[in-house]
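Engineer: Listed below, chain by chain, are the residues.
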Amino acid sequence: MSASSPVSLTRRSGAPASFTPTHLHPEVLDRARKLIALYPEPRSALIPLCHLAQGQDGWLTPEAMIDIAGLVGVTPSEVLGTASFYDMFHLEPVGKYVVSLCTNIACLLRGALELLEHAEDSLGVKSGGTTEDQLITLEEAECLAGCDRAPCVQVNSRYVEATTPETFDHLVADLRAGRRSAEIPAHGTLIRVQRTVGLAADRDEIARQRAAMAEAEARRAATDGTAS
Amino acid sequence: MTTMAVPRIVSARVHHDDSHTLDRYLATRGYEGLKKALAMTPEAVAREVDEANLLGRGGAGFPAGRKWSMMRKNPTTYLVINGDESEPATFKDHLLVENDPHQIIEGAVIAAYALQVSQIFIYLRGEFALGLERLQSALNEAYAYGAVGHDIFSSGFSIDVVVHPGAGAYVCGEETALLESLEGKRGFPRIKPPNFPAAVGIYGEPTIVNNVETLSNVPWIILNGGAAFAALGEGSSTGTRLFALAGRVRNPGVYELEMVKNTFSDLINDPALGGGLFPGRELKAFIPGGVSAPWFFPEHLDLPLGQEQVDAAGSMLGSGSVVVMDDQTCVVRASWRITRFFHRESCGQCTPCREGSGWLEKILERIEIGQGRREDLDLLLDACDNISPGLTWPPQQTTICVLGPSIPSSITSAISRFRDDFLAHITLGRCPHV
Numbered sequence: 001m002s003a004s005s006p007v008s009l010t011r012r013s014g015a016p017a018s019f020t021p022t023h024l025h026p027e028v029l030d031r032a033r034k035l036i037a038l039y040p041e042p043r044s045a046l047i048p049l050c051h052l053a054q055g056q057d058g059w060l061t062p063e064a065m066i067d068i069a070g071l072v073g074v075t076p077s078e079v080l081g082t083a084s085f086y087d088m089f090h091l092e093p094v095g096k097y098v099v100s101l102c103t104n105i106a107c108l109l110r111g112a113l114e115l116l117e118h119a120e121d122s123l124g125v126k127s128g129g130t131t132e133d134q135l136i137t138l139e140e141a142e143c144l145a146g147c148d149r150a151p152c153v154q155v156n157s158r159y160v161e162a163t164t165p166e167t168f169d170h171l172v173a174d175l176r177a178g179r180r181s182a183e184i185p186a187h188g189t190l191i192r193v194q195r196t197v198g199l200a201a202d203r204d205e206i207a208r209q210r211a212a213m214a215e216a217e218a219r220r221a222a223t224d225g226t227a228s
Numbered sequence: 001m002t003t004m005a006v007p008r009i010v011s012a013r014v015h016h017d018d019s020h021t022l023d024r025y026l027a028t029r030g031y032e033g034l035k036k037a038l039a040m041t042p043e044a045v046a047r048e049v050d051e052a053n054l055l056g057r058g059g060a061g062f063p064a065g066r067k068w069s070m071m072r073k074n075p076t077t078y079l080v081i082n083g084d085e086s087e088p089a090t091f092k093d094h095l096l097v098e099n100d101p102h103q104i105i106e107g108a109v110i111a112a113y114a115l116q117v118s119q120i121f122i123y124l125r126g127e128f129a130l131g132l133e134r135l136q137s138a139l140n141e142a143y144a145y146g147a148v149g150h151d152i153f154s155s156g157f158s159i160d161v162v163v164h165p166g167a168g169a170y171v172c173g174e175e176t177a178l179l180e181s182l183e184g185k186r187g188f189p190r191i192k193p194p195n196f197p198a199a200v201g202i203y204g205e206p207t208i209v210n211n212v213e214t215l216s217n218v219p220w221i222i223l224n225g226g227a228a229f230a231a232l233g234e235g236s237s238t239g240t241r242l243f244a245l246a247g248r249v250r251n252p253g254v255y256e257l258e259m260v261k262n263t264f265s266d267l268i269n270d271p272a273l274g275g276g277l278f279p280g281r282e283l284k285a286f287i288p289g290g291v292s293a294p295w296f297f298p299e300h301l302d303l304p305l306g307q308e309q310v311d312a313a314g315s316m317l318g319s320g321s322v323v324v325m326d327d328q329t330c331v332v333r334a335s336w337r338i339t340r341f342f343h344r345e346s347c348g349q350c351t352p353c354r355e356g357s358g359w360l361e362k363i364l365e366r367i368e369i370g371q372g373r374r375e376d377l378d379l380l381l382d383a384c385d386n387i388s389p390g391l392t393w394p395p396q397q398t399t400i401c402v403l404g405p406s407i408p409s410s411i412t413s414a415i416s417r418f419r420d421d422f423l424a425h426i427t428l429g430r431c432p433h434v
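Protein chains in written order, with this note's numbering: chain A, 1 to 228; chain B, 1 to 434.
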């Protein structure tokens, strides 16, 4: 938590019409509002918004959670309550690159614990730790659904080739030298996901059509009932 | 025995480098199933899927057609696609999301038409960064092409699709936890029965939740007919299925095979598939359907890859992931790691799962590092019994969802078959494998 955070996380906001976000950048806010518009209820956008905020700051800051709370109409503590359930949200600062190494069964059977040991030794941090230069956070992950390339490694949720100590060292050298910055963007799984359209089908029109159909069906059922 | 030549249904395009693009999709009969479906009545579309007897490919194996028929009539209804694939060693949906996203969209829109829902959400696990990009790009293309959105192909039918990222939680693959997550909450599974999602789903409205692979079959079923799908496979296991093979085999990967017509031995040993074990190694055990499933052993190799057959043998085909363990595998370590996974992923609502998984993990860990006691084996089984009384299969449930009763599977399998391996750890005071 940054030292200059004056606002309590338990502040009640409840999306007042006058709510003015103070932390999220204008382009992030613009994306956030477009995302919220895709859902019947604003709160559904809470997790996508946390991804956006994490993409902006590198971790999920209290200031961002306050903005998100105001945008979707819940309290900041409710945002924290949801975000803290999910592994991908970092509630404390992490390195620019989060290296996730899976040690679950399929990877375990292919030397994942040995690779993790190598990673911890060569980076000089334990699982969950961040290197001194704040560049790399090492994480022992659960199954990442990449079992055909076991042991499976992701950097910022991008699959990378690092199944042996040699290829792992190569990856780290690349990250340190900035050679992977085009391939592996900053945090935020949504950073390169751009929806080009809003909702195209008129929701009220759909609801009217469905209601009319249900009514007609009920009428038919009632008629059948009287006939039999 | 060699594997049978079968039509590839869901993985027909994935070998193309550009399989995720609209161009490739349209060049390979893409969106023809949707056009055909829109010319039919919604009921007729649903009938085809029902006739195909398409079993859900997410884990529970419930017939999709029957699930659809259970949706409560309501003005507002939803379709949610479950792409939270997190069962350890399962990576088949990963392949479909990254390499054939249009097929998922087409299957979803056809299903939405059959069900006449108001909106579609595709929930993908957040770690699929590339998958999210590919699926969103495909969706943008599909909107521009007129296959999604307002008045699709001038049929009068309109539907919106929203791609939604998860954020890393295994339990969100459970459909009610997924709906909670989609509502912006912690992924706590809901109590059911009585209210299954088909009656009370997202926002309290009726919701159908289908797996990515399940819906990827739908365009083919509409194009070729439910009967053609049902003609593949045998009994209630119809069509083809993606099997994710992992662990101690030469060629781990995802393979599409006709249901029932091949055996586990074919999948593991066929040169065109798993390619067998590493030289000089022998099979010790394998998991037939994700880590929630009880283990199988060499005598089960000739069992056909079919839902009924695997059920009858005391396990499940589950999520279609097969994990191979050979004679170098330490089963204590394997069951410890699987149990640690469940402990980390338990949502914490139910005491037997939240506490039990932690106790089991600690006991297994001390056995693995050589500090176990002889009575630990009974203690393990006793704790398992508290989570799932009787240790039967299918398991008894003391918890809101099936995550809890899945925990004992690896432990009881390993202890009942490899008791000596556990005792060796205890008497030697270390793991014999390191």
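A portion of the hints provided could be inaccurate.
[Claimed, not checked] Below 20 Å or equal to it, Euclidean Cα-Cα: the simulated DMTMM-like pairs (lysine to aspartate or glutamate) are:
1. B:K185 to A:D87
2. A:K96 to A:D148
3. B:K73 to B:E43
4. B:K362 to B:D326
5. A:K126 to A:E139
6. A:K34 to B:D378
7. B:K73 to A:D87
8. B:K185 to A:E41
9. B:K261 to B:E282
10. B:K73 to A:D204
11. B:K73 to A:E142
12. B:K362 to A:E142
13. A:K34 to B:E234
14. B:K73 to B:E98
15. B:K362 to A:E140
16. B:K73 to A:E132
17. A:K126 to B:E365
Keep in mind that the hints were calculated from the coordinates and are not lab data.
Engineer: Which numbered conditions among the earlier hints are violated in the structure presented, ordered from lowest to highest?
Structural biologist: Numbers 2, 4, 6, 7, 9, 11, 13, 14, 16, in rising order.
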